[in-house]
Amino acid sequence: MIEIRNVSKRFKKGWYALKNVDLSIAKGDFLFLTGQTGSGKTTLLRLIYMDIFPDEGEVAVAGFLSSTIKEEEIPFLRRRIGIIFQDFKLLKDKTIYENVAFSLEVTGQSGRKMREKVMKALTLVGLSHKRNDFPYTLSGGEQQKTAIARALVREPFILLADEPTGNIDPEGSEDIIKILQEVNTAGTAVLMATHGVELARKMGGKFMHLEQGQIVKT
Amino acid sequence: MFSLREALIGLRRNGVMTFIAIGIMFFSLFLLGAFLWGTFNLFGIIRLAREKVEINAFLRENLPEKQIEELSEKLISMVGVESIEYVSKEEALSKFQEEIKDAPSLIEAVKSNPLPASFSIKLKDGYTSPEEVKEVSEKIKIFDEFITVEYGESWINRLDRVVKILFLFDILLGIVIGFASVFVISNTVRLTVLARKRTIEVMKLVGATEKTIHAPFILAGSIEGGAAGVMSGGLLYLIYQVTSKFFVEFYFPHNFIIIGTIIFGITLGMIGSKLAVKSTSKEMKFETPDF
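Residue numbers (our numbering), protein chains in the order written: chain A, 1 to 218; chain B, 1 to 291.
Because the hints were derived from the structure by calculation, they are not lab data.
Be aware that one or more of the hints could be misleading.
Beyond 12 Å from chain A on every Cβ pair, some chain B residues (computed) [claimed, not checked]:
(1) Trp155
(2) Glu201
(3) Ala208
(4) Glu210
(5) Tyr251
Only pairs whose alpha carbons sit at most 20 Å apart, straight line, appear in this in silico EDC-like list of lysine to aspartate or glutamate [to be verified]:
(6) A:Lys92 / B:Glu201
(7) B:Lys285 / A:Glu182
(8) B:Lys141 / B:Glu249
(9) A:Lys92 / B:Asp125
(10) B:Lys211 / A:Glu182
(11) B:Lys139 / B:Asp125
(12) B:Lys278 / A:Glu182
(13) B:Lys101 / B:Glu85
(14) A:Lys206 / A:Asp169
A virtual CB, placed ideally from N, CA and C, is assigned to each residue, including glycine.
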């Protein structure tokens with residue numbers, strides 16, 4: 001589903017954020033991407049959702065190639081990927097329900113079927129009772145769950161999580177990881193970037209360690 | 001449908017920003033509308049003044065009636081002449097007596113009629129500049145029947161100078177106000193778009209196409225511009241009503257000023273937001289705290 005072949009990305013002349021990285025993620029995988037701040041985790045994720053493009057090598061995601069994809073095709077790639085961030089990226093002026101529904105509405109969905117999908121996603125993360133609340137009334141963990149529901153409501157084949165527990169207390173973090181594991185069990189691949197190597201070990205998943213833009217352990 | 005709802009929700013829930021934006025746009029459009037209104041009235045006044053431009057050609061004594069008739073036909077067919085009016089000796093006298101009726105001794109003094117008959121010649125619209133008035137009056141002078149031809153040379157020259165200065169000032173002011181309102185309105189709309197940068201970011205994140213991203217912002221900008229236009233057009237109309245009731249009746253071209261400010265507001269709101277959302281969306285990279 002995702003193939004990263006010998007990819008390098010330079011940000012400043014001669015300074016590599018990623019160097020000769022190979023990675024492949026298959027359907028249903030759960031993979032931790034570990035490494036310190038600045039090791040290139042986020043760069044790798046951005047290459048997958050094609051916010052940036054590699055200087056060398058190629059990224060292939062769900063049939064789209066980084067070398068040939070057109071700008072107007074990127075939205076269609078993004079519809080097949082769920083993405084969550086450390087800072088949640090929720091809309092402050094929308095309720096929890098609206099934040100999740102927004103993800104479907106922008107692609108032209110509406111009506112009962114959409115409402116059912118939204119409620120299903122909110123139930124999955126355990127937030128259906130807070131659907132009419134605004135994000136600022138929720139805890140960090142609950143906000144991240146909302147972001148997960150928003151990502152899942154479009155039934156992506158993979159969920160990219162960039163430091164999803166970075167702003168959440170330990171208890172909430174475990175909750176989030178648990179949900180991600182459930183999502184994975186239901187068939188969605190998960191790629192989670194985190195600097196917490198311990199966490200990855202504890203969870204016992206596959207992991208890949210990045211150091212200065214290069215993969216050192218898998 | 002989604003776009004319209006999104007636009008309205010955005011406007012409502014970002015109330016303060018919407019309020020400020022509409023306020024600023026209202027003020028710019030009001031200034032622009034007031035300027036246009038003033039210009040219309042200025043042109044009206046200039047027109048009235050120009051209508052007062054006329055050439056007076058005084059006739060020799062005792063011309064036969066037939067000759068005067070022939071002369072009037074020749075005058076009316078001259079280039080630039082709008083209308084002519086024959087003033088007989090008697091009419092001239094009675095006009096004069098009317099003018100000096102407060103000085104009866106002067107009337108006493110005027111026993112016989114010393115005033116000559118004359119033609120008052122009005123000129124067409126494009127023929128009231130000093131050069132043209134002079135040219136027409138030179139041509140009239142050629143006719144032997146006239147003793148003198150007058151046209152208030154110094155007055156026309158002064159009018160012309162004033163009109164030219166006003167015209168220049170008006171155009172300069174128009175350019176300044178026009179540019180200022182375009183600048184202010186497009187920047188205001190830009191700020192409202194930037195205030196909702198996160199919305200654009202999320203839309204891109206969940207796979208909205210550029211068209212879907214632009215639509216709500218363009219609609220919101222148009223609504224803001226339209227609202228500001230309606231308000232400024234309304235206020236100008238109110239001012240017109242009040243001034244014409246209590247002071248003077250100004251000329252007020254309703255359609256042009258009211259509909260003009262509304263359309264201008266909508267157009268600027270639309271174009272401003274389109275440009276703002278386009279550049280914001282194009283330059284947008286996802287904000288991430290890490291590499």
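Status of the hints after comparison with the structure:
1. Trp155: holds (66 Å)
2. Glu201: violated (6 Å)
3. Ala208: violated (4 Å)
4. Glu210: For Glu210 (chain B), whose nearest Cβ neighbour in chain A is about 7 Å away, the distance does not exceed 12 Å, so it is violated.
5. Tyr251: holds (46 Å)
6. A:Lys92 / B:Glu201: OK: Lys92 (chain A) and Glu201 (chain B) at ~13 Å, within 20 Å.
7. B:Lys285 / A:Glu182: violated (30 Å)
8. B:Lys141 / B:Glu249: violated (41 Å)
9. A:Lys92 / B:Asp125: Measuring from Cα to Cα gives roughly 63 Å; hence the hint is violated.
10. B:Lys211 / A:Glu182: Roughly 35 Å between the alpha carbons, so the hint for Lys211 (chain B) and Glu182 (chain A) is violated.
11. B:Lys139 / B:Asp125: holds (18 Å)
12. B:Lys278 / A:Glu182: At roughly 39 Å apart (the allowed maximum being 20 Å), Glu182 (chain A) and Lys278 (chain B) break the hint.
13. B:Lys101 / B:Glu85: violated (24 Å)
14. A:Lys206 / A:Asp169: violated (24 Å)
In this structure, the earlier hints numbered 2, 3, 4, 7, 8, 9, 10, 12, 13 and 14 are contradicted, and the remaining ones agree with it.
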